[in-house]
Amino acid sequence: MGYRTAGLAQATVDKITIEIGPLSGVDPSLLRSAFDVMRARGCAAAAELVIEPVGVQVECVACGAISAAAANRLICAQCGGYRTSIVSGQELRLLRVEMHLN
Amino acid sequence: MCQDCGCSETPRSSPLVVEVLRDLRSANNRFAAHNRAHFNEHGVLVINLMSSPGAGKTALLEATIDALSQRYRIAVIEGDLETENDAARIRARGVPAVQITTGTACHLDANLVHEALHQLPLAGLDLLFIENVGNLVCPASFDLGQHRNVTLLSVTEGDDKPAKYPVIFRASDLVVLSKTDLLDVLDDFDPSRAAAHLRALGRETPMIETASRRVPAMRSWLAWLERELAVCRPVTSPPFRFSVRPAAGPSRAHAFAPGPAHTRSPSPRSVDP
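Protein chains in written order, with this note's numbering: chain A, 1 to 102; chain B, 1001 to 1273.
Hints in this document: simulated from the structure, not taken from any laboratory.
Don't take every hint at face value.
Heads up, incomplete: computed chain A residues facing chain B, CB under 10 Å, no partners named [stated by the list, open to error]:
#1 Ser-29
#2 Ala-65
#3 Ala-68
#4 Ala-71
#5 Arg-73
#6 Arg-83
#7 Glu-91
#8 Val-97
#9 Glu-98
Here are the simulated lysine to any residue pairs, SDA-like style, with alpha carbons at most 20 Å apart [stated by the list, open to error]:
#10 A:Lys-15 / A:Leu-30
#11 B:Lys-1164 / A:Tyr-82
#12 A:Lys-15 / A:Arg-32
#13 B:Lys-1164 / A:Ala-71
#14 B:Lys-1164 / A:Ser-29
#15 A:Lys-15 / B:Leu-1021
#16 A:Lys-15 / A:His-100
#17 B:Lys-1164 / A:Pro-28
#18 B:Lys-1164 / A:Asp-36
#19 A:Lys-15 / A:Asp-36
#20 A:Lys-15 / B:Arg-1022
#21 A:Lys-15 / B:Lys-1164
#22 A:Lys-15 / A:Ser-33
#23 A:Lys-15 / B:Asp-1023
#24 A:Lys-15 / B:Leu-1024
Predicted model, so just to flag it, every value in this text is computed and none were measured.
Backbone N, C-alpha and C define an ideal beta-carbon position, used for all residues, glycine too.
Only chain B is shown next, with the shape it has when bound in the complex:
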């Protein structure tokens, strides 16, 4: 017995070590798989659109809706801390939009998206955009059930963003340089430097240039969307499965075995217009 090592203390009863080995994101991942099952059941291509605040996500969606809404049935889930402003902008283009206001949360999670998706007529949709909260950090860690991640990088932000925020850019299936009509007046943004930083993340993620206010500058973005939709279009024998990309890493969102989506009729009452 001594005063140093604790050997004089009464031994505590029943020490118990439980090996858990469980991903702390598993609860969100289960919800995400459930969302994906809903989307697949209805053959809807779902795109998670991420960026810094102000990179032009909503403007890109407005221009996309103008270009494609005659041929595809589009809807948008909007994520912001506060206001219905973005959803109102989308509805003004004649497309249904559900606004999620997260309060203080800096990202969407699968549970929030699940609540929103039941306010949309999924059976009547081809393409659903989820506009995430403007943030290059947290949205990357939460699978929503989307099929593709698209990250915008506006040319006013700096061409080293992929090196500064590797997690979100590595998780992206496409990087969209936005506001490229401003390149002429910016001397510190070099698209080739941005591409090099992106390439260093080891996925050879494609990068395209857009300018939402110039119709010709939307061509490559629209072409990318149409290619992705073409993968999704032949919904012949449900349940439909989206292809798994070979470059997907172990935690990539596309490798999934969806469970059955529960049946629940959509509630169009809350859908505008």
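Bound conformation, chain A alone:
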């Protein structure tokens, strides 16, 4: 698999920061081992991978409270409501890339 480095042929990636929520379906440690394989020989071969954790938060449809939750217990911590929307925890985002021109 090749890297899209058009216009960045002279750039070296130093650091890649991503965020992974517990409800994204992605395991951070497995992604880290995959990254070690995928970065070989590319412009990010020496890059550091920073994974920022995100907590699970839900918003209660009934009372509107936003509360922290466990991945398999997504009910409202305030009123015990069984209908919630997910405020955070599903993230799987590339936040920033730090690089330098050679």
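Position chain B against the provided structure of chain A, taking the given hints into account.
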């Protein structure tokens, strides 16, 4: 200058920090929106059927086809690592099926489904099932362009599966307990415990019981399907839009603004029968 902090090193030129803030699933999500536009254009209700391997997805589809194929035009996209076995079972029921073999991949993605959907006569369909690869983990992370997610939980698997695999069960619009004709001989599966674990995921997802080998035990599943089809049936003025459920969370598949589907005539040559 010292030997410790790196201040003696030649400074590297042009450090550059690029803020990206982009969802790593965006490429798949774009394909999924495109698939959904195709489905909506033709008024086809598309159901992504997920479960562990062996929970009875294909058996449920066989029984569903037997019950509904006189009234609705049904097709199936089958996902497996290897073999055409499941597609052959569906075709034996007189319904077109496209088999996707993923090789080593443990889930379907929107791009694979896109390739398959162009082998189906979408314009002549009411209902398309996508039978995902048997797996309770990865399929939950890939939007395929479906309108509803249905997850099977067979009673031989354990009633705490929703607590163990919260992502896929939270993403489900319906949970189908399968093989409930075995409940009499199992003393360790309590449907009410499964329902409680499911309820703890905060979506009040309905759960129904089925047994594909017993026609009466299919009633609530068929009724659910017919209700969903009724939402889809009045295809009067295209482009049709499926309703967005109020309980949908931020990354739910149903909140979408589909782009135009590209026009390409279906290729019935590869469709059996």
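Structure-based check of all given hints:
no.: 1; hint: Ser-29; result: violated (15 Å)
no.: 2; hint: Ala-65; result: violated (13 Å)
no.: 3; hint: Ala-68; result: violated (13 Å)
no.: 4; hint: Ala-71; result: holds (5 Å)
no.: 5; hint: Arg-73; result: holds (5 Å)
no.: 6; hint: Arg-83; result: holds (5 Å)
no.: 7; hint: Glu-91; result: holds (8 Å)
no.: 8; hint: Val-97; result: holds (5 Å)
no.: 9; hint: Glu-98; result: holds (5 Å)
no.: 10; hint: A:Lys-15 / A:Leu-30; result: holds (18 Å)
no.: 11; hint: B:Lys-1164 / A:Tyr-82; result: holds (18 Å)
no.: 12; hint: A:Lys-15 / A:Arg-32; result: holds (13 Å)
no.: 13; hint: B:Lys-1164 / A:Ala-71; result: holds (9 Å)
no.: 14; hint: B:Lys-1164 / A:Ser-29; result: holds (19 Å)
no.: 15; hint: A:Lys-15 / B:Leu-1021; result: holds (15 Å)
no.: 16; hint: A:Lys-15 / A:His-100; result: holds (10 Å)
no.: 17; hint: B:Lys-1164 / A:Pro-28; result: holds (18 Å)
no.: 18; hint: B:Lys-1164 / A:Asp-36; result: violated (28 Å)
no.: 19; hint: A:Lys-15 / A:Asp-36; result: holds (13 Å)
no.: 20; hint: A:Lys-15 / B:Arg-1022; result: holds (16 Å)
no.: 21; hint: A:Lys-15 / B:Lys-1164; result: violated (34 Å)
no.: 22; hint: A:Lys-15 / A:Ser-33; result: holds (16 Å)
no.: 23; hint: A:Lys-15 / B:Asp-1023; result: holds (18 Å)
no.: 24; hint: A:Lys-15 / B:Leu-1024; result: holds (17 Å)
In summary, the numbered hints that this structure violates are 1, 2, 3, 18 and 21.
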